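The chain contents come next:
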Amino acid sequence: MNTRRDTIDLLLQLAFLEGKITTHGLYEQTVPKRKPLMRSADTARAALAQKLEVALLSSRSRATSPLTLGTFLRGWRQHQSLRPQDVFSRLGISSNIYRMLERDRISPLKISLASWKKMRQFFQIPLNVLEDMIRRTHQLVYFRTSFRTTLARYDARKNKKMKAATLEKAAEELFARATLPLPQKEQEKLNAFLKALANDNV
Amino acid sequence: MARVSNQQIVRELKEGDRIGCRHLVDLYQWRLLGEATRVFRVPRVDAEELVNDVLLAVVNKISTFEFKRSDGDFHFWVMTIFRNRVRDFMRHRASTDGLWENFDEAALEDDKAYSASEREVVRSILQNYEETLTLPEDGEAPAKNSAGGALEAIAQALDKLETWERVLLRCRALEIPYEEIARQTGKPAKHLKVYHARVKKKFLNILAQYVPIAR
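Sequence order for the protein chains is A and B.
In terms of numbering that gives the first Met the number 0, the first sequence opens at residue 0 and continues consecutively.
In terms of numbering that gives the first Met the number 0, the second sequence opens at residue 0 and continues consecutively.
Keep in mind the hints are simulated off the structure, nothing from the lab.
It cannot be assumed that every hint is accurate.
DSBU-like mimics (lysine-lysine), calculated; alpha carbons at most 30 angstroms apart, straight line [what the hints assert, rightly or not]:
1. LYS184/A with LYS162/A
2. LYS186/B with LYS32/A
3. LYS186/B with LYS34/A
4. LYS60/B with LYS160/A
Source: prediction; values computed, not measured.
Between the sequences and the hints, there should be enough to build the whole structure, so can you do that?
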């Protein structure tokens, strides 16, 4: 059997890997039909499976701790298979405000302390978790204006809409995860709000 | 062991069931390892690392995966991740060791069907590809998207071939069996085997028109 590889084939492979040419799914369909050349040792397979199990556990714990109020509210509602209208009336807030909260489009500081108290009781969230979510959501809403300005300058002829949406999603996650310093005035406003929330719950 | 379906693996992984990881490894590790070493000629040690990375990415991103049409959706999704990892491996190799050095140059040199200028065409494309991946002196990161641009001529040259010729070249480069290609093109497998080398030669001649060679 000739085991040598033709250079033209390798050029074509590069073009395939770089997405310049396609087999319209034929390659992918062929893969499961091929005879296996080798199998890894049982120990290697077990080691890999163990590594994946650790990754699975950590990815699940990441997914179960919501970063912002929007993520939390959306996740909770979807888990309960409820519609937005089923939730906002129970929380005593308007439909618009609830929808904006779910999409992290409004600062939690704009919602009254009484409403937060109601929500905390309704969702049974510990105060420190709620404070953390309020802090992150406020930060996200505050900085969103600046990344929207940046996105407005973003231009690409192909898939502009999709790329912009991906970038925005990535930026949102980044802002939600990052610990960014707010301007002093804004920070003081947030601290005062959180202090009032804590006092209100004493 | 009874073969598990992709649907089952996805369900297990999404539910955080550890058995899903074992099923994923059982079904995909050897399959991807075979592809990496046999089709893309990735050295065994690198291939094992690459496949581990692919399966790790599958587990980490499983929450974003949704079936849209059939059980095969998952396989296609895994293969897309695999392809991207192999591409990254090739890019890394191109920007460090150089691809030409890793190619079996003798295969081309020995073949009397290829002239010196045709060999130069291949070398020129590879050099162009490598240059787009090399870090510029000002320290800026290379534009990864431009790496594909260096291979644009290949797609253009393929477009000049007849449909069956194009399918034959693309598929054989990925070691798809002649019988499978015969089903797609409607040409007998024997005929395709005979014509493969000639079509390659024809392709190279067309490619030469698109690639300027520095003399």
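* To do: Report the numbers of all earlier hints that the structure fails to satisfy, in ascending order.
  => Those not satisfied come down to hint 1.
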